[in-house]
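With the hints as your guide, set chain B onto chain A.
Number of protein chains: 2
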Amino acid sequence: MLPMKIRIAQNAGFCYGVRRAIKIADEALEKNKSIYSLGPIIHNPQVVSEYEKKGLKVVESIDEAKNAILIRSHGIPPQIYKLINKKKLECIDATCPFVKEAQDYAKQLYEEGYFVVIIGDKNHPEVQAHIAYANYQAQVINSKEEAKNIQAQKIGVVSQTTQSVDNFVSIVSELVKKAKEIRIFNTICDATEKRQESAKELAQISDIMIVIGGKNSANTRKLFEICLNFCKKVYYIETKEELKKEWFYNVKNVGITAGASTPSWLIDDVIQAIESIDNDIH
Amino acid sequence: MLPMKIRIAQNAGFCYGVRRAIKIADEALEKNKSIYSLGPIIHNPQVVSEYEKKGLKVVESIDEAKNAILIRSHGIPPQIYKLINKKKLECIDATCPFVKEAQDYAKQLYEEGYFVVIIGDKNHPEVQAHIAYANYQAQVINSKEEAKNIQAQKIGVVSQTTQSVDNFVSIVSELVKKAKEIRIFNTICDATEKRQESAKELAQISDIMIVIGGKNSANTRKLFEICLNFCKKVYYIETKEELKKEWFYNVKNVGITAGASTPSWLIDDVIQAIESIDNDIH
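First to last, the sequence lines map onto chains A and B. Position 52 (the first sequence) corresponds to 52 in the working numbering; numbering is contiguous. Position 88 (the second sequence) corresponds to 88 in the working numbering; numbering is contiguous.
Just chain A, same shape as in the assembly (with noise of 0.2 Å):
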């Protein structure tokens, strides 16, 4: 039998927002060895493992923090930046250029009377930044099912910026019904759509998918999903040690995809794995 052929999505692995996030973490560490992340820096247990041991400690509140705090690149309310100035912390911002937009458009969209509807997981860290910025009058949706329940006059829509382009549309095709005016800021983010799209592409010539990332990152499960969709074997991993070898009997294309917050070090051992199991197999 002929090896295996292993292909790596175009578009995978770290995002500019979360490569963003990192490069700044790794200048403010070269200046002071203690600072603080109000929650782990990516959700990406491997990546926030390595960074305790640089010195960046995961907290769950301001009170919690001393000297100098991180904002990962999800963002934060902004009444905790107001908590951060009133405790003179050193604040290091590293929210995404992506999430501010859509933070500030979620605020735009209060203030001109828009009944404000956020697309997306109404538990993750930037949506909850995104209903604060609409001073917590948004409604949070994340299926068309949840758009047939709402009815206003003025609707305006922002999208948590890793939600899937397909369900954004989907919504919006029934919001579209639902109001005399809606507004819609795509804040779906660029590099979202196309790890979407190139997940997609390799999904429908794969014999199997191997999805890397946190299983707590929103974006990676999205991919695994998306896949689902187009490939009958799919398996969501945080690190090679996952791997199992009978799931690459009889398998000829290998796709592998990884989440915006998977750096590529942990894609890179994951090919080596699957190499070796093959080698080992075929």
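Hints listed in this document are in silico derivations from the structure and should not be mistaken for laboratory results. Computed from a prediction, not measured in an experiment: that's the story for all the values here. Check each hint, because a few of them may be wrong.
Copies of one chain are not kept apart here, so a pair can be met inside one copy or by any two copies together.
Only pairs whose alpha carbons sit at most 25 Å apart, straight line, appear in this in silico DSS-like list of lysine-lysine [stated by the list, open to error]:
#1 Lys200 with Lys240
#2 Lys53 with Lys215
#3 Lys177 with Lys122
#4 Lys232 with Lys100
#5 Lys215 with Lys107
#6 Lys200 with Lys232
#7 Lys177 with Lys194
#8 Lys178 with Lys100
#9 Lys54 with Lys33
#10 Lys154 with Lys31
#11 Lys154 with Lys100
#12 Lys148 with Lys200
#13 Lys86 with Lys144
#14 Lys240 with Lys88
#15 Lys86 with Lys107
#16 Lys100 with Lys194
For chain B alone, kept in the frame of chain A given last:
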């Protein structure tokens, strides 16, 4: 065999804007026996010929008009109002208030820097006026295919008031992918939505659908197209004279609907003629 059951769609015939235009024309003709109408008052030849007898003369341009000019429900470009003023004609304005609203939105979107997209038929007089209100900078599209060619950072959308809701939603779903911001005014009038919904419901339980209206009526044509999706036998007629006995062989359930410009007397005529066919063949 049992006689046929004839059902009329819950919402069929004259809409608010057409009823209002007819009333305005009637009131004007009481005072003045010679009025000019810029284009046929409504898209129904039978009604137009009735009003010609009453003194309402159809002209194609302002130059042909004297004394008083009637603006029909479809509205006119702002430039034509200027010509009317210049010629010192009395302006009897029967523009439908819902059409006026769409014109205002087209103007607003243009002035606020949006790339204006009008969903509708580019040759329809209503749409011609919308284009003018967007300073002739608007693009008119009528299908998802045409939407695919549009690319702009800020898209503003209005619709012909008699557009089909399904087509509108399908086009908007495509446009959402094309812009950072899209602001949509759903200017499909309520009456249109209800009439289409009723036609759809009735078509599903009818063996034959008779759609009554002027062959030049855009909204009647939409009703015809909608019925075709839900019923095997659909006929588009202007008057009872077009009915054919053989259409009703082996038919139990007859559905009837009519466009916004179809007067009730025309609908009644058709019902009576079908009843007489029923007596004849069953």
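We went through each hint and held it up to the structure:
no., hint, verdict
1, Lys200 with Lys240, "within (22 Å within a copy, 55 Å between copies)"
2, Lys53 with Lys215, "within (21 Å within a copy, 77 Å between copies)"
3, Lys177 with Lys122, "both (23 Å within a copy, 23 Å between copies)"
4, Lys232 with Lys100, "neither (37 Å within a copy, 54 Å between copies)"
5, Lys215 with Lys107, "neither (30 Å within a copy, 49 Å between copies)"
6, Lys200 with Lys232, "within (13 Å within a copy, 38 Å between copies)"
7, Lys177 with Lys194, "between (29 Å within a copy, 13 Å between copies)"
8, Lys178 with Lys100, "between (28 Å within a copy, 21 Å between copies)"
9, Lys54 with Lys33, "within (7 Å within a copy, 92 Å between copies)"
10, Lys154 with Lys31, "neither (49 Å within a copy, 43 Å between copies)"
11, Lys154 with Lys100, "both (23 Å within a copy, 19 Å between copies)"
12, Lys148 with Lys200, "between (28 Å within a copy, 20 Å between copies)"
13, Lys86 with Lys144, "neither (42 Å within a copy, 53 Å between copies)"
14, Lys240 with Lys88, "neither (42 Å within a copy, 84 Å between copies)"
15, Lys86 with Lys107, "within (23 Å within a copy, 47 Å between copies)"
16, Lys100 with Lys194, "within (20 Å within a copy, 42 Å between copies)"
The earlier numbered hints that this structure contradicts are 4, 5, 10, 13, 14.
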